[in-house]
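Participant: Given next are the chains, with one letter for each unit.
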Amino acid sequence: MKSAALRKLVRLHLSRDRRGAFSSSFGIAIGIASLVFFVALGLGVARVVREKIFPVDASLVEVIPSQLALGLFGGQLDQQAVDRLSALPGVKKAYRKMSVKVPAVSYYDGDFFGRRVRMGVEIVAVGVDPEFVKADVKLGEFVDAGEGQPIPVVGASRLIEIYNKTFAPARSLPQLSATMLVGFSFPIDWNRSFIAATAGGPFTSTRGQVVGVSDRGMLAGITIPLETAKRLNKSNNADAEHFSGVALQADSPSDVPGIVVAVKEMGLRVDDQERRMAENAGAAVAITTSAMALLSALICLLAAFNIAHALSAAVRTREKELGIMRAVGAKRGDIFALVLGEALVLGLAGGVAGTALALAAAAGIDMLAARMVPDFPFKPETFFLVPMWLPALGVGLGLLAAIGGAWLPARRASRIDPARVLAGQGT
Amino acid sequence: MIRVEGLSRSYDDGARGKVRVLDGVTLEVPAGQFLAVTGRSGSGKSTLLHVLGGLDSEFSGKVEVAGTALQGLSDAALSRFRNEAVGIVFQSFHLVPGLSSVENVALPSAFAALEAPSSRAKEALERVGLGDKLTRAPEQLSGGERQRVAIARALFHQPKVLLCDEPTGNLDAQTADEVIALFKRLNGEGLTIVAVTHEDRLRNAASRVVSLADGRLS
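Protein chains in written order, with my numbering: chain A, 1 to 427; chain B, 1001 to 1218.
Worth flagging that the hints you see were computed from the coordinates, not collected in a lab.
Be a bit skeptical, because a hint or two may be false.
What the hints assert, rightly or not - Calculated cross-link-like contacts (lysine to aspartate or glutamate; reagent style DMTMM-like; alpha-carbon spacing at most 25 Å):
hint, chain 1, residue 1, chain 2, residue 2
1, A, 8, B, 1023
2, B, 1133, B, 1115
3, A, 8, B, 1084
4, A, 8, B, 1139
5, A, 234, A, 83
6, B, 1160, B, 1145
7, A, 8, A, 417
8, A, 2, B, 1145
9, B, 1018, A, 417
10, A, 101, A, 272
11, A, 2, B, 1075
12, A, 92, A, 51
13, A, 8, B, 1123
14, B, 1062, A, 417
This structure is a prediction, so every number in the text was calculated from the model and none was measured.
Sequences are here, hints too, so could you generate the full structure?
Facilitator: Written out as structure tokens, the structure is:
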């Protein structure tokens, strides 16, 4: 059958029953719209969880000492253990971390980005190998400058988000950004605390200067160079030999399970709390999205049944017309293609309309959320993620539903016996 | 032009079992003949026509029409035969609503590669005297005009054989006479016509008449 003739006949048949065609196409559009909407929402929320709330590096393994230290390889993290960890298969690099065991506070009294502020906060600090946060350092070198010199500090991206969305509005403080914070300095008094007992000796004052903000920065505290942490611990007679943790960078995420097993065999523990939380949150999003997508798929299935019903009725009504086509030379395949072609047009229209409807609804919800939903930590600019494949999937599923629904009516139409249907009275 | 040997056709009719509609029919129609096939209702006239037109392929015996042996042909081959070798006219016209006269006549071109189908359709319509009603929809035509459009559609591919199933059955006397006159003119131009009918005026117009009774020619 010539394609131009096929197009013309398909158009003719659809135009004769516009209401039926609209009804069939509408069913598909609703199914596809809800499918695309919920998949885009699920992907968008998963992205927020993955990139903002729990920005877990899939190739990073956080090693911490065992709760019970047992002798030679008894779960302590000294340099020897770090060397062994570095030598494990699949480990690309080991980044040491050391908690500063000296209590510290910051009394701030001065200008804070245009607002006068007086506050005191307890400081928790951890030292890390400079390489660990090097990519996020924007000012000077992230190295220990020696006693009395300002300590380079890396802040946590998530802490800024929480500050901006909760603390700052509550206290009428200015909103901050990573760029604004770089260069900001604040006083630190070591061996002082509001809540914990101190070593009893004199406190020493120094300044911390923010040199960058990183996803790898400590969430509830400051991240400083490892050598600074060692120096502070040593000068206050605290342990400066054992590390509080080691971050192992795997060659690839697929190496992580093997590394985890090897780490546990060494009597050490893996701190996968964040990863688990990310996985749990991701799983919750995935389950919800899957349930909604399943519901949408059911709507598509109902739409396919609707098309099957509508086309079956149309084929019965047009038996004589299809019979005359057979009588003037149409092959069975031509009749099959004709009925399927009608369904394809309905599926294409429904798929395109449904996808467009979903994208419009997503844009509308983002707009409403931006205007009407109060700010909260990690509130995204958009709740939706629409990868290139999603509109294609929407249109493709629309076509698939239409083809699925049309298959049997098309087959039945192609098997019409022209001698039987043309023998009676008719047009 | 048409050669039929021992043609039989049976239907499975539920409780009545197998019903033999055609029973060993043998018939030869030379080129240029206008044959009328008569008989009572249920005598097998239409079945014979459907077999000759390639609409019914479940028969036994030998059937050759316009040089094509029809027994055992595939669906594709039979479709091509219907498209090119024969034209079929039905009692009920069977025009496609929504298509104009010229589009209805050109319908066979949808299923075959053919150049300038519109001009051929116009020629066919002019041949049946409807050159001034090219763009009319079926519902805007009289019964006789509709049948002439159907005849033009059957002539579209310039077939060697025209098969007609009660072509005047739905027409009034005057219109039927016009259509019969058209058949006679086409036959005079060399077209072989086989018309199944129970009407005297069409039977009288034919150059030969055969009668079917209980599936057999007499």
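Participant: For each hint, tell me whether it holds in the structure or not.
Facilitator: Okay, the hints, checked on the actual structure:
Proposed proximity of residue 8/A and residue 1023/B is contradicted: the alpha carbons are some 43 Å apart, above 25 Å. A hinted pair counts as satisfied when its Cα atoms are at most 25 Å apart, and residue 1133/B with residue 1115/B qualifies at roughly 22 Å. At most 25 Å may separate the alpha-carbon atoms for a hinted pair to count; residue 8/A and residue 1084/B meet this at roughly 22 Å. A hinted pair counts as satisfied when its Cα atoms are at most 25 Å apart, and residue 8/A with residue 1139/B qualifies at roughly 20 Å.
For the suggested pair residue 234/A and residue 83/A, the alpha carbons sit about 22 Å apart, so the restraint of at most 25 Å is met. For the suggested pair residue 1160/B and residue 1145/B, the alpha carbons sit about 23 Å apart, so the restraint of at most 25 Å is met. With a C-alpha separation of about 24 Å, the suggested pair residue 8/A and residue 417/A falls inside the 25 Å cut-off, and the hint holds. Restraint check for residue 2/A and residue 1145/B: the C-alpha separation of about 28 Å exceeds 25 Å, so the hint is violated.
Annotation: proposed proximity of residue 1018/B to residue 417/A holds, straight-line Cα distance about 19 Å (limit 25 Å). Between residue 101/A and residue 272/A, the direct Cα distance comes to roughly 23 Å. Compliance with the 25 Å bound is thereby established for this hinted pair. The hinted pair formed by residue 2/A and residue 1075/B meets the criterion: a straight-line CA distance of about 18 Å does not exceed 25 Å. Between residue 92/A and residue 51/A, the direct Cα distance comes to roughly 23 Å. Compliance with the 25 Å bound is thereby established for this hinted pair.
Among the hinted pairs, residue 8/A with residue 1123/B is consistent with the structure: their alpha-carbon atoms are about 22 Å apart, no more than 25 Å. About 21 Å separates the Cα atoms of residue 1062/B and residue 417/A, which keeps this hinted pair within 25 Å; it holds.
Hint compliance for this structure: hints 1, 8 are broken, all remaining hints hold.
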